[in-house]
Amino acid sequence: CNYLLKNSEEVGYKHLLNGKHSVFLVGTVFGFVVVQFTLFCLMDWNSKGLKGLNYYEKMIGVLFQSMNSRHAGETILDFSILSQAVLVLFVFMMYLPPYTSFLPSIDNNNGKNSESSDRMKKRRGKVTEILILSPLSILVIFIILVCITEKKQLKDDPLNFNVFNIAIEIISAYRNVGFTMGYNCERQLHPEANCENKWFGFVGKWSDEGKIILILIMLLGRLKKFNIDGGNPWKL
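For the sequence shown, the numbering used here assigns the number -1 to the initial residue and increments by one for each residue that follows.
Hints may contain errors.
To be verified - Here are the simulated EDC-like pairs of lysine to aspartate or glutamate, each with C-alpha atoms no more than 16 Å apart in a straight line:
id, residue 1, residue 2
1, Lys203, Glu190
2, Lys49, Asp76
3, Lys18, Asp42
4, Lys196, Asp42
5, Lys203, Asp154
What the hints assert, rightly or not - Restraint-style ranges between C-beta atoms, simulated for each label pair:
id, residue 1, residue 2, range
6, Tyr97, Lys150, 36 to 42 Å
7, Ser132, Met41, 28 to 34 Å
8, Lys153, Glu55, 38 to 44 Å
9, Asp154, Val24, 23 to 29 Å
10, Asn16, Asp154, 50 to 56 Å
11, Ile79, Leu14, 28 to 34 Å
12, Tyr97, Asn44, 33 to 39 Å
13, Asn174, Val32, 19 to 25 Å
14, Pro189, Thr36, 33 to 39 Å
15, Ala83, Leu14, 33 to 39 Å
These are computed hints drawn from the structure, not numbers from a lab.
We treat Cβ as the ideally placed atom computed from N, Cα and C, and that holds for glycine.
Input sequences plus hints: build the corresponding full structure.
If you want it as structure tokens, here you go:
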């Protein structure tokens, strides 16, 4: 057990963290929740989504929403009515990997782990390294692809179909969170007589091509651990 804990990267199992790293990780997660909770309360305490709730219910609802932004993706209100500042923060939280730590653990094994990772990198083919893209590059490419497949909707229904809403859907799918902006018939510039508001995701209004792209990004999100070092050959 002691060997596995000290050489978790070498054996390919990074879930085993030492005590110092675990403390930093817990502190980082707590800090993220506090930041989200504070901004949510400041910007959307009196929003339409929390209307009718008492003080205690609002506190629990905001805390629940802040905790869900990085993992479960469950929501208690319509995301589209939240302030833009809160939405941007939620997007950032969704993008961060689950083991994001503000202060990395420092111990004597860092040298060993770095040597091990260097050996692994040398064994990879140079062509493969060049072709592998960073997670951010993958997200940008897929957002562009969805904007291409949904270009008609972006033009005809810009309040529902816009780049920010598409980016939220793509990042949420890639990180397997599940947040969605939904679709609201009241925001249509050219109202449709048969349009009806329903509780399904924003992707429900996408074309078949757009839905296939979202399925692909979800699959890539499930395999993102194999692309953690992607984009290293690119120097900015």
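* Lys203 paired with Glu190 [C-alpha distance capped at 16 Å] -> Satisfied, since the Cα-Cα distance of roughly 13 Å is no more than 16 Å.
* Asked: Measuring from beta carbon to beta carbon, are Tyr97 and Asn44 in 33 to 39 Å?
  -> Since Tyr97 and Asn44 have Cβ atoms about 36 Å apart, the given range 33 to 39 Å holds.
* Asked: Does Asp76 lie within 16 Å of Lys49 when you go C-alpha to C-alpha?
  -> holds (12 Å)
* **Satisfaction of the hinted span 23 to 29 Å by the C-beta atoms belonging to Asp154 and Val24** => violated (47 Å)
* Indicate whether the distance between the beta carbons of Pro189 and Thr36 respects the range 33 to 39 Å. => holds (38 Å)
* Please test the hint of 28 to 34 Å on the beta carbon pair from Ile79 and Leu14. => violated (42 Å)
* Decide if the proposed pair is consistent with the structure: Lys196 and Asp42, CA atoms, cutoff 16 Å inclusive. => violated (23 Å)
* Distance restraint hint 38 to 44 Å, applied to the beta-carbon atoms of Lys153 and Glu55 -> holds (41 Å)
* Satisfaction of hint between Asp154 and Lys203, Cα-Cα up to 16 Å -> holds (13 Å)
* Asked: Okay, Ser132 versus Met41 on CB: inside 28 to 34 Å?
  -> Check passed, 31 Å falls within 28 to 34 Å.
* How does the Cβ-Cβ distance of Tyr97 and Lys150 compare with 36 to 42 Å: does it lie in that range? -> At roughly 40 Å between Cβ atoms, Lys150 and Tyr97 fall inside 36 to 42 Å, so the hint holds.
* **Assessment of proposed distance window 50 to 56 Å (beta carbons of Asn16, Asp154)** => With a Cβ separation near 55 Å, Asn16 and Asp154 satisfy 50 to 56 Å, so the hint holds.
The structure is inconsistent with the numbered hints 3, 4, 9, 11, although it conforms to all the rest.
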